[in-house]
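Protein sequences, first through last, are from chains A and B. The opening position of the first sequence corresponds to residue 0 in numbering that gives the first Met the number 0, with each subsequent residue numbered one higher. The opening position of the second sequence corresponds to residue 0 in numbering that gives the first Met the number 0, with each subsequent residue numbered one higher.
Worth flagging that the hints you see were computed from the coordinates, not collected in a lab. Treat the hints with care, as some may be off.
[What the hints assert, rightly or not] No farther apart than 25 angstroms at their CA atoms in a straight line, the calculated lysine-lysine pairs in the DSS-like style are these:
no.	chain 1	residue 1	chain 2	residue 2
1	B	K215	A	K370
2	A	K338	B	K139
3	B	K134	A	K58
4	B	K206	A	K58
5	B	K180	A	K338
6	A	K935	B	K142
7	B	K142	A	K370
8	A	K538	B	K131
9	B	K139	A	K325
10	B	K206	A	K371
11	B	K134	A	K260
12	A	K260	B	K206
13	A	K155	B	K142
14	B	K215	A	K338
15	A	K338	A	K302
16	B	K180	A	K370
17	A	K155	B	K131
18	B	K134	A	K108
19	A	K59	B	K180
20	A	K74	A	K1030
21	A	K59	B	K215
22	A	K149	A	K273
[Unchecked claim] Label pairs and their calculated CB-CB ranges:
no.	chain 1	residue 1	chain 2	residue 2	range
23	B	Y167	A	E353	49 to 57 angstroms
24	B	V190	A	V546	27 to 35 angstroms
25	B	V38	A	I118	45 to 53 angstroms
For every residue, glycine included, the Cβ atom is placed at its ideal position computed from N, Cα and C.
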Amino acid sequence: MIVKEKDILFIDSLVESAVEHIPNFWPMKSFIHHNPLHGFENMHFEEAVNKAHTLFHAKKSLTREQYQRFYQEGKIEDMYLREELENFGTKCGHTHPLLENLFIQLMTKSRECHHFDEITNVSPLIPQIAKNLSPESLNDYADFNANLVKHLAKEKTIYDVVDMLFATNVGEALDDIMSQIAMRFLGEGQAIWNMPKREKGMFLSWKEIVMQDKVFFNENETLCRLLRETALAEDIIFMVLKELKIPRSFWEEYFTLELTKLHGWSGFLKYRSKSSSEYQKKYPAFMEEFLAIRLYYSYMLLKKQENSLGFFPSMKELGSYIMNNKEEAFLRAEYNSGKLLLSYFQSVENFLHETQKTDAKEIYDQYIYDKKIHDCEVLAEYLYKVLSLVLKEEQIQTLQAQELNAINAALQDFEDEEGFIWLKAMEKTSMMQLMSDYVQSKKTQEQVNSSDAQLFFCIDTRSERIRRNIEAAGAYETYGMAGFFGIPFKSIDVSNRCESDLCPAILTPKHIVYSFHEKEAINSKGLMKIVKKVLNELKYNVLTPYVTVEAIGALFAFDFFGKSLVPKAYMPLRKKIFDPKVEEELRIERYTEKEATESITAIQNQIIKFVIEEKFNIKPSSLDDEILNEIREIALSKEDIVQEDQDGVAIDSVTKLGAKYNLLQIEEQRLIELLRKEYKVSAGHMRIQKAKMAKVGFSFKEQLYYVQSALKTVGLKSFCDIVVLSAHASQSENNPYESALDCGACGGSSSLINAKVLAYMANKQNIREELHKHGIHIPEQTYFIAALHNTTSDVLTLFDAHAPHSHHEALKKLKADLELAGMLTAAERMATLPLSNTRSKQGAFSLAKRNTMDWSQPRPEWGLSKNHSFFIGKRENSKNMNLAGRTFLHSYDYTGDKKGAILSVILSGPLVVGEWINMEHFFSTLDNSAFGSESKVYHNVVGKLGVISGNMSDLRTGLPSQTVNLENEPYHEPLRLITMIEAPFETHKNVIDKIHKISELVYNEWIKTIFIDEKETAFFLYEGNTQTWEKLEFKTFTQGENRA
Amino acid sequence: MLEELLTTLAVLFLLPIFPFSMLSNFILSKFKGLMLLFVLSSMFFTGALLLSSYENQTVIVAISVVALFSTMFYALRLLSVSHAYSYLIFYYSTISGFAWLWKSVDGEMSVFFIAFILPIIGFGFLVAFLDKQFKTTYFKAFKGLGNVMPRFSVLLVISIVALIFTPYFPGFRIFIEEVVKFDIYYLIAIVISWLLISWSGITLIEKLIYGVAQRKLHYRDLSPLQTIFLVFLYLLSVGIGFIFMEVNLG
């Protein structure tokens, strides 16, 4: 070990800081929408976007053409665009009278006025303009080398600069190697041949492999000799940084640069290293190890360049080269980056390859001279085209140099800000529209006397349409709350041995709910099980393509044609055979001590049977309870069996098992030891298991608390005979992103179990009696039913098997109305999907159902695309608003929440989830390469945890192109979440200030916030430009103007 | 005797093989655009004509050994060229080696000429188009032309496919004929050359077409007339290739 203890801690802490800006990436089986710039939420939105532009090389905004399309569609109003331009002018101090009109014309009318790299000489005025431009407005290349050295190890890694100067591919090679290592080590059950010795941990298992690698391990290298001796990743990190001569003060930034290169893998590792997943326990991996491996390879790859470069490119050496060979370094950078003037390629290439003996300074001086002229002409042409939008030729001719330079300076600032100007104008247009709709909606409120049923839905934007259609279909009230219904728990499917956290990712569930599926009859399902097993093994066997394709390939043709040509007929049949529906039973009540002991005992007996069969080949059916109990009791005790006689010989068996099957005591002892150590049948483990089982289910108090919270959160005061708790889930085939379409509030899973749990609790008589004491009166005849809204087909299924007979008629009517509402919703939605426009509503409904089974469909539904707002308030006030499936709707009644306690729960939970979903869509649309995952066509599932593009790439985070784009143009409109909170401003604004996370989101403008104050009959908007809350009265919107 | 010597030298420069190719390539590098295409086609035509009437098989067989190495050398060289003009010139040097090999197995030079002249014209035309527009053909100046010049890109891909002896372009038949008529050592060398040429073609496509266009230039695509001309050229080439596949060229 070469690094001191304190340095280990120092390095670890720097790594921890370095990954702050990298968001977690959860495995895709429970896709969690997240803000890719989550680590930047402590800074203002615009500042964060600029920082991400540098760190991730991401775009800062959509293109002007894309915004022009929104403008032409009326989604951005002229008035608000001008307002934002005015704000921009004030902020940057650009006050020339020409500017506002110029910018408006440029933004809205021009498609040609971009800063080209080429001169087309459209007018004789261009040379005149060029002459008037001040030198300050042009690039000064004199600082290039000094700036490059300044940015070394701060904004660019060493190999970034080496690649730029010498056209090596160190960065690309490094990323490929690291992607491979990450895939191999972090895979969670997809590979048949796994990386060996993963149990040792990422660094140590990798070390064993790389020491066999003749390319990347050389005993002559000090680093390699250290690697052989050390077991610490920090040693390697320290050594590499020392060899690269990177000063300590640069380390944190250098770590950030390295880890953000593959921010997908880094994000996944960041999640995994802190998770309690089985894979992390079995195959531990940490960020320091990943970094150490990366730095090791970067060093070895740079070392390989030493011969061709003539020096080892440590930071010091590289810096010296850049400063001592200014001209050559500059020309190399220009040449390799493709920025070189087109006419210089031959001469520079000849110089660099030394085919012609030329003085570097001579070429450099000439080049700089020509480049400056080129820059000047290009800029002059651009200015000319821009000015032509608002001025005639004669007017341009009369512009003074000072004016010209002022306009140029303004244009340069404008280029940086244009995206934000468009964004803010578009948001303002939407906000004003929403506020106007709200005021109109309030005016047209209808009084509802009584309802046939009340239905709860998730706040998901897809619920908006179906809620609206259900309300139109009959006398129904709908409410919105987070899809987990306020009950966070871990669901463990005992039969299938899988678990998931059914709550937002920001929560850690304390409770566990077991779900059991009815046992399959061995006789009838045994063959299917075998067939499934064989097919699965064939599918994943590496030899299968070579030996069995001709033999059994034809068998798959039936499946292929069925799925492709007649999915609606074939898929239900297929599901019936391979994945039949089974009744699900949930364990919701807390286990009593007795029940826990009995359950554990039953499981232990099963384990003992299994082990005895494995070890002694004794059939489980021949082992009676007496035998099992005896073995179990011995295992749970601390006593050993083996007793030796005086001669040291083991004597015959002491157990009933041993006696029946002629076992020696030593064999019995080994059995006991195996049970204790490998299968955890011991007293200590039993205590742990009992403690775990104590977490299963909910106590009476907990049930009461959750039911009360759920009802109070939505402000439900009176109850109909039927209360439906509707969960939601999507359904699709061949879709790695399926869980992205499921409930975000349930960690990317279906929320059906949550609905069932709440329904069960709310139907309990003793719970209702206790609720009555707390002022919540649920009538006896009220029955809570769980339901599932399939968001792909808009089929809403009620789980009413145990509903009272008296509700039969009402349920029949409800089901008919739900069917109708589903059809209307599907018709609305299908009109927005390409190639899905049908003439009839029934046709649309049928097409929607087909999408759930069509394995060729890359876009089974739009999901949460086009989400733009979050409404927290009473449904009666939003009912008539034109929300078009774009709004998260959370029911809230401020009259029952004087202190804002319920509002704070909504803001700190569901609103944060909404913001994550909104930002995920926002950035995936903005730059689908950097923040999204590009086209699904190129995706390959890797390690059962995510997708890569092609055969090798970074792990793709974010949403695919098909989710946010339509024919390569944005379908989703990237707007920050417009959050409307229906509550008195004066009393409830402090809720924001009390919650740190929410105040960050509001005041750093990650969301746009509007308070709807019914008492004041006014809106209060947070204005980032002035950092104040601006008041807008309701009457403003009824007078036909948008501003007072 | 003198006449034969002069003819031999002339063909060695017109259908250049190393080291005579050094002079030929130097001269060709002085031309650009359609002029280069004209000069190169003229050299090809004249060289093929002269070689077709050349009867000294002993000399041809001796030269074919050098031609083999020359072909491999220039095929390898194709991988490291930095601009499209170099590619065209070195490609010509590569297939010149094939021409000598073809002659050494009594192949008809007119067939060889027809097989290769159309793809060369097509590729040369595209290179000239690029040069006319951007005043350079250096690969580093371009990237992502597939996005901004789709017609040009598609036709460039087809031209490369034609140049690298893909089936149903006539060069493929020539290549197969050569492969079957030579012994194992020649066969290996010819196949290696073919692989190198193919690799270089794919690399060229990757450098020019793949990716996102970085430079903000006024990208002007081929005009409809230019597109029709090239499409016709390649259809003709495929037609000839089809005929070659069906007819005995021996």
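Hint-by-hint comparison with the structure:
Pair hint K215 of chain B plus K370 of chain A holds up; C-alpha atoms about 16 angstroms apart against a cutoff of 25 angstroms. Distance hint between K338 of chain A and K139 of chain B is fulfilled; the C-alpha atoms sit about 9 angstroms from each other, no more than 25 angstroms. Between K134 of chain B and K58 of chain A the CA atoms are separated by roughly 30 angstroms; this puts the pair beyond 25 angstroms, and the hint is violated. For the proposed pair K206 of chain B and K58 of chain A, the alpha carbon gap of about 23 angstroms is at most 25 angstroms, so the pair holds.
Between K180 of chain B and K338 of chain A the alpha-carbon distance is near 49 angstroms, which puts this suggested pair outside the 25 angstroms criterion. Distance hint between K935 of chain A and K142 of chain B is fulfilled; the C-alpha atoms sit about 24 angstroms from each other, no more than 25 angstroms. The straight-line distance between the Cα atoms of K142 of chain B and K370 of chain A is roughly 21 angstroms, inside the 25 angstroms bound, and the hint therefore holds. Between the alpha carbons of K538 of chain A and K131 of chain B the distance comes to roughly 54 angstroms, so the proposed pair goes past 25 angstroms and is violated.
Between K139 of chain B and K325 of chain A the alpha-carbon distance is near 21 angstroms, which keeps this suggested pair within the 25 angstroms criterion. Distance check on the hinted pair: K206 of chain B and K371 of chain A sit about 28 angstroms apart at the alpha-carbon level, beyond 25 angstroms; violated. With a CA separation close to 36 angstroms, the supplied pair K134 of chain B and K260 of chain A exceeds the 25 angstroms bound. Annotation: proposed proximity of K260 of chain A to K206 of chain B holds, straight-line Cα distance about 23 angstroms (limit 25 angstroms).
Of the supplied pair hints, the one linking K155 of chain A and K142 of chain B holds, its CA atoms being roughly 23 angstroms apart against a limit of 25 angstroms. Only pairs whose Cα atoms come within 25 angstroms are accepted, and K215 of chain B paired with K338 of chain A is accepted, the gap being roughly 10 angstroms. A distance of roughly 28 angstroms separates the Cα atoms of K338 of chain A and K302 of chain A; the hinted pair therefore is violated under the 25 angstroms criterion. Distance hint between K180 of chain B and K370 of chain A is unfulfilled; the C-alpha atoms sit about 56 angstroms from each other, more than 25 angstroms.
Proximity of K155 of chain A to K131 of chain B is assessed by CA-CA distance (about 37 angstroms); at most 25 angstroms being required, the pair is judged violated. At roughly 32 angstroms between alpha-carbon atoms, K134 of chain B and K108 of chain A are farther apart than 25 angstroms, so this suggested pair is violated. Proximity of K59 of chain A to K180 of chain B is assessed by CA-CA distance (about 62 angstroms); at most 25 angstroms being required, the pair is judged violated. With a CA separation close to 23 angstroms, the supplied pair K74 of chain A and K1030 of chain A stays within the 25 angstroms bound.
Distance hint between K59 of chain A and K215 of chain B is fulfilled; the C-alpha atoms sit about 18 angstroms from each other, no more than 25 angstroms. This hinted pair does not check out: K149 of chain A and K273 of chain A have alpha carbons roughly 35 angstroms apart, beyond 25 angstroms. At roughly 44 angstroms, the beta carbons of Y167 of chain B and E353 of chain A sit outside the given window of 49 to 57 angstroms. Roughly 29 angstroms separates the CB atoms of V190 of chain B and V546 of chain A, a value that falls within the hinted 27 to 35 angstroms.
For V38 of chain B paired with I118 of chain A, a C-beta distance near 31 angstroms fails the hint of 45 to 53 angstroms.
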